[in-house]
Amino acid sequence: MREKPAHQTPWDWRAGIQFSCGGTGTGLLLFTAVASFQNPAWLTYTGWLSLLIIAIGLASVWIKLGQRWRAMYVILNPRTSWMSREAFLSLPLMGLGLAAMIWQSPLLALAAALFGLGFLFAQAKMLNTSMGIPVWREPLLVPVIVLTGLVEGAGLLLAITPVLSGAEVAVFGDIGIWLPITLFFLLLLRLWVWHSYRSKLTQPGAAPLAAAAALNRINKMLMGVGHLLPLLALLIIPILPIGSMLATTVTFIIAGLTALGGGWQMKFTIITRAAYNQGFALTHTPARTPGYGGDGTKPGW
Amino acid sequence: MTRYIMVADLRRCVGCQTCTAACRYTNATPPGVQWRSVLDIESGEYPNVSRTFVPVGCQHCANPPCMTVCPTTATRQRQDGIVTIDYNLCIGCGYCIVACPYQARFKVTKEHFAFDGRPIENEIVRSDPGRMGVATKCTYCVDRIDEGIANGLMPGVDPEATPACVNSCIAYALHFGDADDPDSNVSRLLHENEQFRMHEELGAEPGFYYLWEKKGD
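In order, the protein sequences belong to chains C and L.
Residue numbers for the first sequence follow this note's numbering, beginning at 1 and rising by one.
Residue numbers for the second sequence follow this note's numbering, beginning at 1001 and rising by one.
It is worth saying that the hints were derived from the structure and are not from the lab.
Computed from a prediction, not measured in an experiment: that's the story for all the values here.
Even for Gly, the Cβ is constructed at its ideal location relative to N, Cα and C.
Each hint should be verified, as a subset may be incorrect.
Covered, in the sense of this in silico footprint (three residues per stretch, anywhere, with C-beta under 8 Å from a C-beta of chain C), are these stretches of chain L [said to hold, decoys possible]:
hint : stretch
1    : 1050-1063
2    : 1102-1115
3    : 1204-1215
Between beta-carbon pairs, the in silico distance windows are [said to hold, decoys possible]:
hint : chain 1 : residue 1 : chain 2 : residue 2 : range
4    : C       : LEU189    : L       : ASN1185   : 52 to 60 Å
5    : C       : TRP13     : L       : PHE1196   : 36 to 44 Å
6    : C       : HIS195    : L       : ASP1128   : 47 to 55 Å
7    : C       : HIS195    : L       : ARG1126   : 36 to 44 Å
8    : L       : GLU1201   : C       : LEU235    : 43 to 51 Å
9    : C       : LEU189    : L       : ARG1076   : 46 to 54 Å
10   : L       : PHE1113   : C       : THR9      : 38 to 46 Å
11   : L       : TYR1172   : C       : ARG14     : 41 to 49 Å
12   : L       : ALA1114   : C       : PRO204    : 39 to 47 Å
13   : L       : GLU1111   : C       : LEU189    : 45 to 53 Å
14   : C       : HIS195    : L       : LEU1189   : 45 to 53 Å
15   : C       : LEU189    : L       : LEU1189   : 50 to 58 Å
16   : L       : PRO1159   : C       : LEU52     : 53 to 61 Å
All chains should be built: construct the whole structure from the sequences, respecting the hints.
The following block contains the structure:
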């Protein structure tokens, strides 16, 4: 039945990559910039990686355009369009980011990271202003997208930290304390916001039934593997035996990757599987001859 | 001022899809793209059920969400309320498609035809390669309106200045005209009948009204 809400199709898996990479990349850039004040060597490693991830996201937007060679027109409407604003912010973000990596400057990296935060916010607003998709226009989506971007960035940095521990970066001494604590509180916040967002949209009449079902389907996995597991892993770090590199390494990797994976699962679901359109509705059914007008109908809600 | 709107009388629509065919013939839209279509909605529970035929398409909203999100300014609104797309500016990002709560916008990236894979007569004349890879939607047959007005005709009254779907309607269910003119056909219909607009709670101020009952009945 066409009148029921149907899956939106123009923003497919490529949009999923765009938003996943946008969040993870800008989050990673922010925490890398902070870490680089302690040791600029971070810029060499995760700084470049963060820019690469953001660039992959931007490339995935580009390949979904119907007219790719007109891509620069995207900047023509910053007055009202969050897509234009996102494109505008990507310019100083990438420019300052590249300069920071080339000149190994923590200050430039921080400036790039601040533009990155703006970029991440613009991505969240871009979804939120898509009035045709009920699960996107819910205002709580904005903190969901921003917070998960930060969690993903912190998670990825935490997972990479032990890998780099043998390199010139004195990893554990640098960020081994503040990053797990930051990730812990960000995860708690994301858990709370996700729970509020899902609870609101699964109320009767708040979203198409199929969209609410899609959000419910991932909830257990997202709560368990995407939140509780990394939270538990982060909680046991302080009680690990001092000097136990292997245990710390495994814990960092588990906590980081599950936090990151949870974010990607959440975003892919919101952008693709739960993204049902509004469908059609009648406020009244018409009066026929003979007869009177009747109650309205809203199929699929 | 002028504010062109469309009025669909749900009591009259029989779901024949002639308007759909007229639109497709006039605009040569490819298979799967229906700027005007008619839904067949069943509602209620047995034995109190009803079936309603509902013409849908671009609602030419007064506050169009597709226009504010458009990153290129390809989507614009004319003084008379008609929402247009500049195919030369559109980049086909699809943002307007997800922003529209009426599923009125389409994007196709490859030219294809319904009959034998070859264009038929009207498609040869009306197909526009500029519509590939960009957003498209109902234009209210804006070229007919403009040409009609230039020739001194009245949109909604004279067929040569009226959208094809309205002209083709076999049941006089579809009407087009100026809502700001108190003597126009559409103003009279809105004055005499109970009406609603779809998804009005979203605040887009659609320019498409549905009549469902005579006032006072």
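Comparing the hints with the structure gives:
{"no.": "1", "hint": "1050-1063", "verdict": "holds (count 4)"}
{"no.": "2", "hint": "1102-1115", "verdict": "holds (count 4)"}
{"no.": "3", "hint": "1204-1215", "verdict": "holds (count 6)"}
{"no.": "4", "hint": "LEU189/C <-> ASN1185/L: 52 to 60 Å", "verdict": "holds, 57 Å"}
{"no.": "5", "hint": "TRP13/C <-> PHE1196/L: 36 to 44 Å", "verdict": "holds, 38 Å"}
{"no.": "6", "hint": "HIS195/C <-> ASP1128/L: 47 to 55 Å", "verdict": "holds, 49 Å"}
{"no.": "7", "hint": "HIS195/C <-> ARG1126/L: 36 to 44 Å", "verdict": "violated, 52 Å"}
{"no.": "8", "hint": "GLU1201/L <-> LEU235/C: 43 to 51 Å", "verdict": "holds, 45 Å"}
{"no.": "9", "hint": "LEU189/C <-> ARG1076/L: 46 to 54 Å", "verdict": "violated, 41 Å"}
{"no.": "10", "hint": "PHE1113/L <-> THR9/C: 38 to 46 Å", "verdict": "violated, 21 Å"}
{"no.": "11", "hint": "TYR1172/L <-> ARG14/C: 41 to 49 Å", "verdict": "holds, 46 Å"}
{"no.": "12", "hint": "ALA1114/L <-> PRO204/C: 39 to 47 Å", "verdict": "holds, 41 Å"}
{"no.": "13", "hint": "GLU1111/L <-> LEU189/C: 45 to 53 Å", "verdict": "holds, 49 Å"}
{"no.": "14", "hint": "HIS195/C <-> LEU1189/L: 45 to 53 Å", "verdict": "holds, 49 Å"}
{"no.": "15", "hint": "LEU189/C <-> LEU1189/L: 50 to 58 Å", "verdict": "holds, 53 Å"}
{"no.": "16", "hint": "PRO1159/L <-> LEU52/C: 53 to 61 Å", "verdict": "holds, 59 Å"}
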